[in-house]
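Peer 1: Here is what each chain is made of, one letter per residue.
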Amino acid sequence: MADIKPNVQVDYKDHATVVTFVDRKILEEQDIRGLQDSLNSVLDQMDDICLVLDFCNVEFLSSAVLGLLLRLSKRIHERNGKLTLCSISPKIYEVFKITQLTKVFEISDNVENALADLA
Amino acid sequence: MTPETPASCSIVLESRPSALEGICQQILTELKAFSFSEDDVFGVHLALEEAFLNAVKHGNKMDPTKTIKIEYTIDRGKVEIAITDEGDGFDPSNIPDPRVGDNLFRPEGRGLLLIGAYMDVMEYNDSGNCVFMAKYKRKPTNN
Chain A
1 MADIKPNVQV DYKDHATVVT FVDRKILEEQ DIRGLQDSLN SVLDQMDDIC
51 LVLDFCNVEF LSSAVLGLLL RLSKRIHERN GKLTLCSISP KIYEVFKITQ
101 LTKVFEISDN VENALADLA
Chain B
1 MTPETPASCS IVLESRPSAL EGICQQILTE LKAFSFSEDD VFGVHLALEE
51 AFLNAVKHGN KMDPTKTIKI EYTIDRGKVE IAITDEGDGF DPSNIPDPRV
101 GDNLFRPEGR GLLLIGAYMD VMEYNDSGNC VFMAKYKRKP TNN
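Going down the list, the protein sequences come from chains A and B.
Counting along the first sequence from 1, when you hit position 65 you're at 65 in this note's numbering, and nothing is skipped either side.
Counting along the second sequence from 1, when you hit position 67 you're at 67 in this note's numbering, and nothing is skipped either side.
Just chain A, with the same shape it has in the complex:
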């Protein structure tokens, strides 16, 4: 049976839910599917979606993670929800810039700013 790691930490704030990626590297299809399942479970529990994704631990990711984020974003916007990414390291931010996904996602420097932006 596949080894399922607890790869996100979920914190419920006043008006938003903060999901922190625990892993330093997000690469394997299995990990990405696990993340998608975890994030979908979080969304399923929310009436008004206001989600912060915290990348503070993430040092490396593949383009498959960008795909996961786009699928998640589509689902959130279909439900008129809000999504902000935060604490993205300079190297990872460069990946967003190259792919021009900085035009698609709201990105904040840190969790506090992300929560303020969503308030």
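Honestly, the hints are just simulated from the structure, not real lab data.
Any given hint could be a false lead.
With a straight-line cut-off of 25 angstroms between C-alpha atoms, the simulated DSS-like cross-links for lysine-lysine are [to be verified]: (1) K13/A - K74/A; (2) K57/B - K25/A; (3) K32/B - K25/A; (4) K78/B - K137/B; (5) K74/A - K137/B; (6) K97/A - K137/B; (7) K66/B - K91/A; (8) K91/A - K78/B; (9) K137/B - K91/A.
So the derived list for chain B, only partly shown, Cβ under 8 angstroms to chain A, looks like this [said to hold, decoys possible]: (10) P17; (11) L53; (12) P98; (13) F105; (14) G128; (15) F132.
Ideal Cβ placement from N, Cα and C applies to all residues, glycine included.
Guided by the hints, dock chain B onto chain A, whose structure is given.
Peer 2: For chain B alone, coordinates are given in the frame of chain A:
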């Protein structure tokens, strides 16, 4: 101390995403030994992951009976990596730009863009089943 002799290796791997891990770590360790910068190591790592996943998914179409060959050479000035799958190949010029129009919102199709952005050379063979990638420690000037 930076090694004098180039490091090179040729290996045939199973066609599954996790098969890359060992050789990838070996390449990253060699790059550090040859004093490539952290940014260079990050870029080569990303290109390697994307190219290998392309070979597994799009080249060998997730067929576990097929294999993928990786060949690399690292010296003081550059790293060269060739990845060959057993698929029918493709024409990279037919891959749409993921930054244009609605493609920006598609969840797939960013691997080649990232490889091209992080490596100085990205070339496919005529049949399109082998990608050759190179990164120079210092980019060559066009004199």
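Peer 1: Determine for every hint whether it applies to the structure shown.
Peer 2: Comparing the hints with the structure gives:
no. : hint           : in the structure
1   : K13/A - K74/A  : holds (23 angstroms)
2   : K57/B - K25/A  : holds (20 angstroms)
3   : K32/B - K25/A  : holds (19 angstroms)
4   : K78/B - K137/B : holds (6 angstroms)
5   : K74/A - K137/B : violated (39 angstroms)
6   : K97/A - K137/B : holds (22 angstroms)
7   : K66/B - K91/A  : violated (34 angstroms)
8   : K91/A - K78/B  : holds (21 angstroms)
9   : K137/B - K91/A : holds (18 angstroms)
10  : P17            : holds (6 angstroms)
11  : L53            : holds (7 angstroms)
12  : P98            : holds (6 angstroms)
13  : F105           : holds (6 angstroms)
14  : G128           : violated (19 angstroms)
15  : F132           : violated (20 angstroms)
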